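Full structure from sequences and hints, please.
Residue numbering for the sequence shown is 55 to 537, as defined by my numbering.
Quick caveat, the hints were computed from the structure, so don't treat them as lab data. Nothing here was measured: the structure is a model prediction, and the numbers come from that model. C-beta: ideal position from N, C-alpha, C; glycine also. It is possible that part of the hints are untrue.
[Unchecked claim] Each pair of labels, with its calculated beta carbon distance range: (1) Glu442 - Ser140: 14 to 22 angstroms; (2) Ser59 - Ser494: 52 to 60 angstroms; (3) Asn279 - Val207: 40 to 48 angstroms; (4) Asp219 - Arg116: 55 to 63 angstroms; (5) Gly93 - Glu353: 50 to 58 angstroms; (6) Ala112 - Ala190: 24 to 32 angstroms; (7) Lys396 - Ala112: 55 to 63 angstroms; (8) Gln316 - Lys373: 17 to 25 angstroms; (9) Lys495 - Lys467: 38 to 46 angstroms.
[To be verified] Distance condition first, Cα-Cα at most 16 angstroms in a straight line; then the derived EDC-like pairs of lysine to aspartate or glutamate: (10) Lys161 - Asp172; (11) Lys396 - Asp459; (12) Lys301 - Asp272; (13) Lys483 - Glu381; (14) Lys476 - Glu403; (15) Lys357 - Asp326; (16) Lys370 - Glu331; (17) Lys260 - Asp290; (18) Lys370 - Asp329; (19) Lys407 - Glu369; (20) Lys301 - Asp326; (21) Lys68 - Asp446; (22) Lys343 - Asp412; (23) Lys228 - Glu87; (24) Lys284 - Glu273; (25) Lys476 - Glu395; (26) Lys396 - Asp462; (27) Lys396 - Asp326; (28) Lys407 - Asp377; (29) Lys435 - Asp462; (30) Lys142 - Asp172; (31) Lys307 - Asp272.
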Amino acid sequence: MAKESILLVKLPYKDSYYSFYVDFPAGLGILSEALSFNGIEHDVYDMQANNSFDDFCAEVDRLKPSYIGFSMMTFKYLHNYEFIGSVKEKFPDIRIVVGGPHASTFKEKILEECAAVDIVVNLEGEDVLVELCNGAPLNEIRGIIYRENNNIVQTERREYIKELDKFPFPKLNKFNMENYREIPVITSRGCPYGCIYCPISVTIGKQWRYRHPEKIVDELEHWVNQGWHKLQIVDDNFTFNRERVVKICEGIKERGIGDKLQITLTNGIRADKVDYELLKLMRECGFFKVAFGVESGSERILKVLNKGEDLATIEKAIKLACDLDFEVELFFVLGAPTETEKDVRMSIELAVKYSVIDAPFYHLIPFPGTELSKWVTENNKFRFKSPEFLNDASHWVNEPLFTTDELDLAARKRLYHLANKKSREHTQKVLNRRMARELSKKFNVPSSLLYLVIAFLKNDAVKEFLNKTHIWDLLKKVKNRGS
Numbered sequence: 055m056a057k058e059s060i061l062l063v064k065l066p067y068k069d070s071y072y073s074f075y076v077d078f079p080a081g082l083g084i085l086s087e088a089l090s091f092n093g094i095e096h097d098v099y100d101m102q103a104n105n106s107f108d109d110f111c112a113e114v115d116r117l118k119p120s121y122i123g124f125s126m127m128t129f130k131y132l133h134n135y136e137f138i139g140s141v142k143e144k145f146p147d148i149r150i151v152v153g154g155p156h157a158s159t160f161k162e163k164i165l166e167e168c169a170a171v172d173i174v175v176n177l178e179g180e181d182v183l184v185e186l187c188n189g190a191p192l193n194e195i196r197g198i199i200y201r202e203n204n205n206i207v208q209t210e211r212r213e214y215i216k217e218l219d220k221f222p223f224p225k226l227n228k229f230n231m232e233n234y235r236e237i238p239v240i241t242s243r244g245c246p247y248g249c250i251y252c253p254i255s256v257t258i259g260k261q262w263r264y265r266h267p268e269k270i271v272d273e274l275e276h277w278v279n280q281g282w283h284k285l286q287i288v289d290d291n292f293t294f295n296r297e298r299v300v301k302i303c304e305g306i307k308e309r310g311i312g313d314k315l316q317i318t319l320t321n322g323i324r325a326d327k328v329d330y331e332l333l334k335l336m337r338e339c340g341f342f343k344v345a346f347g348v349e350s351g352s353e354r355i356l357k358v359l360n361k362g363e364d365l366a367t368i369e370k371a372i373k374l375a376c377d378l379d380f381e382v383e384l385f386f387v388l389g390a391p392t393e394t395e396k397d398v399r400m401s402i403e404l405a406v407k408y409s410v411i412d413a414p415f416y417h418l419i420p421f422p423g424t425e426l427s428k429w430v431t432e433n434n435k436f437r438f439k440s441p442e443f444l445n446d447a448s449h450w451v452n453e454p455l456f457t458t459d460e461l462d463l464a465a466r467k468r469l470y471h472l473a474n475k476k477s478r479e480h481t482q483k484v485l486n487r488r489m490a491r492e493l494s495k496k497f498n499v500p501s502s503l504l505y506l507v508i509a510f511l512k513n514d515a516v517k518e519f520l521n522k523t524h525i526w527d528l529l530k531k532v533k534n535r536g537s
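Structure (structure tokens):
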């Protein structure tokens with residue numbers, strides 16, 4: 055049977071954080087490479103880079119794929135059901151496939167709620183799409199849910215991929231690279247920990263699986279040779295195995311590419327999985343930004359969240375990373391069961407204790423399948439209808455999705471505002487100091503003086519005055535005359 059083609063699509067997320075930041079669809083990059091490796095004709099369309107429905111339809115018309123595969127987050131899923139429905143109406147003969155975190159969480163409910171979807175891919179999709187495009191009968195493809203004679207059929211569960219190096223690393227040949235600022239690299243999957251709010255075990259699995267160090271260094275070297283230096287490792291547990299990270303760093307050193315790399319770990323790593331020697335080695339090999347999922351400055355709340363770490367370990371890792379001149383980010387959550395205002399204020403104290411460049415606070419989201427969701431449901435604490443609330447659930451919006459007995463809605467919103475305000479004030483000072491230090495090295499001017507100048511110019515009132523008086527325009531005119 056002849057191979058069939060597929061168009062992989064990253065859906066639009068209008069009027070949200072994603073409207074301002076086009077992040078690279080790392081999962082589609084992996085799927086694209088698996089399809090290429092198997093000689094399957096395909097293309098990729100990122101609707102965050104171009105969300106015009108007419109342009110998208112024109113591309114579908116040109117390519118005429120057998121399948122359109124949509125990668126879905128749960129955020130804005132109702133909006134995206136509508137979008138997929140419009141696509142199906144326009145191209146009724148093209149089969150629609152949905153995968154991604156939303157598919158692994160909602161499974162058959164997608165087919166029940168969105169008539170335009172023909173096939174749902176549960177969990178990982180590389181082998182599924184290869185078999186699908188190779189023409190395998192649907193009932194023989196494990197890990198999918200599909201329609202047959204108005205019935206919903208679910209095939210046998212497909213095991214997680216254990217050998218992540220079975221396909222080459224993504225070369226991203228099907229992407230318009232001008233749309234992106236950095237390259238994502240995924241070196242492992244899965245998380246064995248049991249944080250009550252985290253959906254990773256539902257969508258990616260609890261078993262930690264990894265790629266081999268040599269393959270990862272091959273990938274890093276490839277992008278350096280292609281002229282890319284900003285790389286983002288987006289694992290959930292990059293440092294889970296210390297020996298593997300050491301081997302990756304040793305490979306970077308052996309190939310002499312450390313000074314050409316700018317690697318970030320902004321998805322977060324665990325504080326109990328780093329030490330001074332490891333962080334120092336990473337810093338020497340091009341790693342410059344690291345994030346820690348702190349969650350709370352209260353020992354009691356860390357236990358409620360089942361974080362599996364204590365404050366002493368967390369603070370030690372933060373201090374080590376700051377002392378080694380990493381750009382350090384911290385993540386905090388608000389709204390844990392039994393959390394009080396005192397607990398939140400302890401988190402704020404920790405957020406402003408060290409020289410970190412960012413420390414945002416988020417309202418907890420009770421994702422389906424998590425212990426937190428179970429607690430919210432059993433205690434009847436949802437503020438909005440479930441699961442529709444997930445359509446607009448966002449970490450960047452001050453709108454708690456559930457209540458607790460200890461903090462009412464007004465208190466939660468007030469503390470969210472306070473925590474992020476205090477955090478921003480602190481991290482702005484840290485960023486000003488870092489900028490002053492860099493300028494001091496460049497121009498041989500005391501950093502203390504430069505810090506005062508930078509802080510003055512970045513003051514909101516000063517910026518407003520300068521803009522109103524058009525001083526910047528006048529200075530440009532003077533500069534132009536002088537030249």
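Do the hints match the structure? See the list:
1. Restraint check, Glu442 to Ser140: a C-beta distance of roughly 20 angstroms satisfies the suggested window 14 to 22 angstroms.
2. Against the hinted window of 52 to 60 angstroms, the Cβ-Cβ separation of Ser59 and Ser494 comes to about 57 angstroms, which satisfies the hint.
3. A beta carbon spacing of about 46 angstroms between Asn279 and Val207 agrees with the range 40 to 48 angstroms that was offered as a hint.
4. For the hinted restraint 55 to 63 angstroms between Asp219 and Arg116, the CB-CB distance of approximately 34 angstroms leaves it violated.
5. The supplied range of 50 to 58 angstroms is met by Gly93 and Glu353, whose beta-carbon atoms lie about 55 angstroms from each other.
6. Checking the proposed 24 to 32 angstroms range against Ala112 and Ala190 shows it holds: the Cβ atoms sit about 31 angstroms from each other.
7. Judged by the Cβ atoms, the range 55 to 63 angstroms given for Lys396 and Ala112 holds: they are separated by roughly 58 angstroms.
8. Judged by the Cβ atoms, the range 17 to 25 angstroms given for Gln316 and Lys373 holds: they are separated by roughly 23 angstroms.
9. Taken as a hint, the range 38 to 46 angstroms holds for the pair Lys495 and Lys467, whose Cβ atoms sit roughly 43 angstroms apart.
10. Using a Cα cut-off of 16 angstroms, the hinted pair Lys161 and Asp172 holds, with the two alpha carbons roughly 12 angstroms apart.
11. With a CA separation close to 14 angstroms, the supplied pair Lys396 and Asp459 stays within the 16 angstroms bound.
12. Only pairs whose Cα atoms come within 16 angstroms are accepted, and Lys301 paired with Asp272 is accepted, the gap being roughly 13 angstroms.
13. Restraint check for Lys483 and Glu381: satisfied, since their Cα atoms lie roughly 14 angstroms apart, inside the 16 angstroms limit.
14. Restraint check for Lys476 and Glu403: the C-alpha separation of about 9 angstroms stays at or below 16 angstroms, so the hint holds.
15. At most 16 angstroms may separate the alpha-carbon atoms for a hinted pair to count; Lys357 and Asp326 meet this at roughly 15 angstroms.
16. Restraint check for Lys370 and Glu331: the C-alpha separation of about 13 angstroms stays at or below 16 angstroms, so the hint holds.
17. Between Lys260 and Asp290, the direct Cα distance comes to roughly 11 angstroms. Compliance with the 16 angstroms bound is thereby established for this hinted pair.
18. With a C-alpha separation of about 9 angstroms, the suggested pair Lys370 and Asp329 falls inside the 16 angstroms cut-off, and the hint holds.
19. For the hint linking Lys407 to Glu369, the alpha-carbon distance of about 9 angstroms falls within 16 angstroms, and the restraint holds.
20. Proposed proximity of Lys301 and Asp326 is contradicted: the alpha carbons are some 19 angstroms apart, above 16 angstroms.
21. A C-alpha spacing of about 11 angstroms is found between Lys68 and Asp446, which places the hinted pair at or below 16 angstroms, so the restraint holds.
22. Between Lys343 and Asp412, the direct Cα distance comes to roughly 11 angstroms. Compliance with the 16 angstroms bound is thereby established for this hinted pair.
23. At most 16 angstroms may separate the alpha-carbon atoms for a hinted pair to count; Lys228 and Glu87 meet this at roughly 9 angstroms.
24. Straight-line distance between C-alpha atoms of Lys284 and Glu273 comes to about 13 angstroms, which keeps the hinted pair within the 16 angstroms bound.
25. For the suggested pair Lys476 and Glu395, the alpha carbons sit about 15 angstroms apart, so the restraint of at most 16 angstroms is met.
26. Restraint check for Lys396 and Asp462: the C-alpha separation of about 14 angstroms stays at or below 16 angstroms, so the hint holds.
27. The suggested pairing of Lys396 with Asp326 is violated, with an alpha-carbon distance near 25 angstroms, which exceeds 16 angstroms.
28. For the given pair, Lys407 sits about 13 angstroms from Asp377 by alpha-carbon distance, which is consistent with the 16 angstroms threshold.
29. Distance restraint check for Lys435 and Asp462: the Cα-Cα separation of roughly 11 angstroms lies within the 16 angstroms cut-off, and the hinted pair is therefore satisfied.
30. As the CA atoms of Lys142 and Asp172 are separated by approximately 10 angstroms, the hinted pair is consistent with the 16 angstroms bound.
31. For the given pair, Lys307 sits about 13 angstroms from Asp272 by alpha-carbon distance, which is consistent with the 16 angstroms threshold.
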